[in-house]
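Student: What follows is each chain in one-letter form.
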Amino acid sequence: MTNAAAPDLRQRRKKINGQKVLLIVTFSVIPLFLLALFTYVPFFRMIRFSFYNMSYTKNKGFVGLDNYVKIFTREEYVSAMLLSLYYMAGAAIQLSLALFFATLLTSGLKGSGLFKGIMFFPFLVNGIAIGYMFKFFFTRGFVLDTVLQSLGISLESLPYWLRDQSVNNWSLVFTSVWKYCGQNMVLFVGAIASIDPTLYEAATIDGANKWQQFKAIILPGIKTVFMLNLILSITGSLSAFEPAYVVGSMGANGTATFFIKIHQMAHVHNKVGMACAMAMVLMILILVFTVAQRLFFRYVMKDSENTFNGKANRAKALW
Amino acid sequence: MKKILSLVLALCLTLGMASFAAAEEALPTFDQLVYGENADITASILFAYHRTDIPEKLNGYVDEFRKTYPNVTIEYDLITDYAENALNRVKTADWTIMGIPAVDKDELSGFFVPLGATDVLSEKYAFMDAWNFDGVTYGMPSTGNAQGIVYNKAVFAKAGVTEIPKTPDEFIAALKAIKANTDAIPLYTNYAANWTMGAWDAYIGGSATGDANYMNNVLLHKANPFSDNGDGTGPYAVYKILYDAVKEGLIEEDYTTTDWEGCKGMINNGQIGCMVLGSWAFTQMRDAGEHGDDIGYMSFPITVNGKQYASAGADYSFGVNVKATYEQKLASLYYIKFLTEQSGFAYSEGGLPIDKTGEYPALYEAFNGIEFVADAPAAEGEEALFNELNAESELAINAGGNTKIQKIIEHAFNGDKEFDDIMAEWNEAWTAAQEALNVEIR
Chain A
1 MTNAAAPDLR QRRKKINGQK VLLIVTFSVI PLFLLALFTY VPFFRMIRFS
51 FYNMSYTKNK GFVGLDNYVK IFTREEYVSA MLLSLYYMAG AAIQLSLALF
101 FATLLTSGLK GSGLFKGIMF FPFLVNGIAI GYMFKFFFTR GFVLDTVLQS
151 LGISLESLPY WLRDQSVNNW SLVFTSVWKY CGQNMVLFVG AIASIDPTLY
201 EAATIDGANK WQQFKAIILP GIKTVFMLNL ILSITGSLSA FEPAYVVGSM
251 GANGTATFFI KIHQMAHVHN KVGMACAMAM VLMILILVFT VAQRLFFRYV
301 MKDSENTFNG KANRAKALW
Chain B
1001 MKKILSLVLA LCLTLGMASF AAAEEALPTF DQLVYGENAD ITASILFAYH
1051 RTDIPEKLNG YVDEFRKTYP NVTIEYDLIT DYAENALNRV KTADWTIMGI
1101 PAVDKDELSG FFVPLGATDV LSEKYAFMDA WNFDGVTYGM PSTGNAQGIV
1151 YNKAVFAKAG VTEIPKTPDE FIAALKAIKA NTDAIPLYTN YAANWTMGAW
1201 DAYIGGSATG DANYMNNVLL HKANPFSDNG DGTGPYAVYK ILYDAVKEGL
1251 IEEDYTTTDW EGCKGMINNG QIGCMVLGSW AFTQMRDAGE HGDDIGYMSF
1301 PITVNGKQYA SAGADYSFGV NVKATYEQKL ASLYYIKFLT EQSGFAYSEG
1351 GLPIDKTGEY PALYEAFNGI EFVADAPAAE GEEALFNELN AESELAINAG
1401 GNTKIQKIIE HAFNGDKEFD DIMAEWNEAW TAAQEALNVE IR
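Which chain is which? The protein sequence lines are A and B, in order.
So for the first sequence, the working numbering puts the first residue at 1; every next one is plus one.
So for the second sequence, the working numbering puts the first residue at 1001; every next one is plus one.
In case anyone wonders, no lab produced these hints; they're calculated from the structure.
Where is the CB? At the ideal position from N, CA and C, for every residue including glycine.
You may find that some hints are simply not true.
Claimed, not checked - Chain B stretches covered by chain A per the calculated footprint, using a threshold of three residues with CB under 8 Å from any CB of chain A: (1) 1086-1093; (2) 1119-1133.
Claimed, not checked - For lysine-lysine, the following DSS-like pairs were computed, each having C-alpha atoms within a straight-line distance of at most 30 Å: (3) Lys1222/B <-> Lys60/A; (4) Lys1222/B <-> Lys70/A; (5) Lys215/A <-> Lys179/A; (6) Lys70/A <-> Lys1417/B; (7) Lys135/A <-> Lys1105/B; (8) Lys1105/B <-> Lys58/A; (9) Lys1091/B <-> Lys70/A.
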């Protein structure tokens, strides 16, 4: 009886395993196929295109590294890349603001749910809509000027937010901060909420004040999410597009970021090969920044983690 | 059994294809086509086009057309960002008729159905050179545009400008008078809308030189075409008007936040003096408010040897997808025939007639004594050269090079670059492109 049942069971298990594999394969075939079709195939073709002089409709021949050489020898592209520095500065402000609000909202504030909702809302609005909104926001004598005037600042002393080249990139950065701050904040709130609350109690008993708690408990506790947010905002800064395209009239008046230059190269000048090379440069740049950040945190911030764990252990031991 | 079945299936398919291929007759050329024939033809047509502002009018034409061809359905796909979008789509089968985007002329036959021999069609229709390659025309213009300036007559009168300016100096003087005597913005640039800036390129050919060959031939082979001619003509004079107007403070104060839809109402009610736009803009400005009678159209203020000229050319031309089915192609041709000869589209849009028997709309009353110059096509073998020079130099003249015109405004306003230096840069870029493509300088 048992002898007869054993192979039967084994066979059934085999069958079930086979079905499992079949199921996994059939379920993943479509997404994998789509991923390959729409991500990897275009990506590898883009690499190939970047070595050619070609338009959308015509291939004018292999040019080797010419496209890449042009990118780094033409001053306008280098200065377009430097525009990212504005957005990176914006990213730093954005992260600090997000962290500040996240800490505030997790400290048992009344109505924190409502505030979270309000602050997260801009992220849900379509980027193009935000662009048009801010165009009116920055127009002379419109929203921003009116608000500032009601604070007693005269219109004459205000700059033209988009026309004056000394401020216009900051105006665009502001729209980007406005949009993404809430998203960062929500991620921070989630991370902070997952910190073991006993740590705060221990720290309070130890006599740590709120700032010390923030520094020694919250900051190390949300390190992973902080890294994620930082990488997202830095890569976002490198490939900034929406604000400059919509609010800045497609990168007019010195607001053309590298991404906008790529767009113009491909769609105005019809130089697809060159645009692909620029996209490759942008991608490599983003990779470099991401790796650099990871290395920075692995080696430079390692000490702080040790001190954190050490402190926490000591706190627990004392407790 | 299965083998036999698949064999039968394959056979059926081949036969089906063969019979389908047999049904493909040669299409009639556009001049042979008689509107009203083949009224029982069945086809569905997707029409990609840029006129997002007049969907009702276009659908009205479809209804009218379907009275004669009831089995043809036509759906318009109206696209705001047309020039780029169409260029991406032109290779696909995802459209039946489209306004031809900026493709190279030697590629036309790969995308569009030939309409007939250019010299034959030219007897009956205007601007047949627009999409001519090797003596064959691939596009039928929707309407013709003349290049001039749309202006508010009441504002000019109030400013004391009684005669239409004929030279750059007179024009700048008129703008100054508007600034001094009225509250209107003398010249509205529409900087923020981008494409309205590229529109300035359309004036450097016929309007600025009186030479029909300038745009597609002379420019390509000229050494330093952006240099000063010294007599207020040529491309230099055109762009100089813009630079000077900005420098003298004769444009809108905050040019980075201009509003294209808003400007129509503003010129209509006298808040704007004039705008440099093709004649297609006239009807839009006229219909944008209650003071339509105030809107006028004048030629560009450049006089060549005592005579004024106005560049004229085709607006977007209709092309039929070469990948469409025979029925779709035929039905499309009938619809284009209808649009060209029956609909009155060109006239109602304030355009120059395409059908040579058509009328000129009233807006050209101020063009008395002004000669229309239609840009002659590029010389044989050089049909694609202009596009290539444009790409190589990245000036994109008359092909979406909006950024370079915006930069004129920025430099003039910020005072950080002289006009001559800008033109010298353009010359340099153009010369480099000519050298890269081995263009002979004449």
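Student: Below or equal to 30 Å on CA atoms is what counts here, so check Lys1222/B against Lys70/A.
Tutor: holds, 26 Å
Student: Under the criterion that the straight-line Cα-Cα distance not exceed 30 Å, is the pair Lys135/A, Lys1105/B satisfied?
Tutor: Since the Cα atoms of Lys135/A and Lys1105/B sit roughly 39 Å apart, the hinted pair is violated (cutoff 30 Å).
Student: Take the C-alpha atoms of Lys215/A and Lys179/A, compute the straight-line distance between them, and say whether it is at most 30 Å.
Tutor: holds, 27 Å
Student: Is the straight-line distance between the alpha-carbon of Lys1105/B and that of Lys58/A 30 Å or less?
Tutor: At roughly 12 Å apart (the allowed maximum being 30 Å), Lys58/A and Lys1105/B satisfy the hint.
Student: Are there three or more residues in the region 1086-1093 of chain B whose C-beta lies within less than 8 Å of some C-beta in chain A?
Tutor: The restraint on the region 1086-1093 of chain B holds, since 4 of its residues have a Cβ under 8 Å from chain A and three suffice.
Student: Starting from Lys1222/B, check that the Cα of Lys60/A is at most 30 Å away, please.
Tutor: Cα-Cα ~24 Å, so holds.
Student: Apply the coverage criterion to the region 1119-1133 of chain B and chain A: a residue qualifies when its Cβ sits closer than 8 Å to a Cβ of the chain, and three qualifying residues are needed.
Tutor: violated (count 0)
Student: Is Lys1091/B close enough to Lys70/A, meaning Cα to Cα at most 30 Å?
Tutor: Distance ~29 Å between Lys1091/B and Lys70/A Cα, so the pair holds.
Student: Between the alpha carbons of Lys70/A and Lys1417/B, is the straight-line distance 30 Å or under?
Tutor: holds, 24 Å
Hints 2, 7, counting from the list given before, are not met by this structure.
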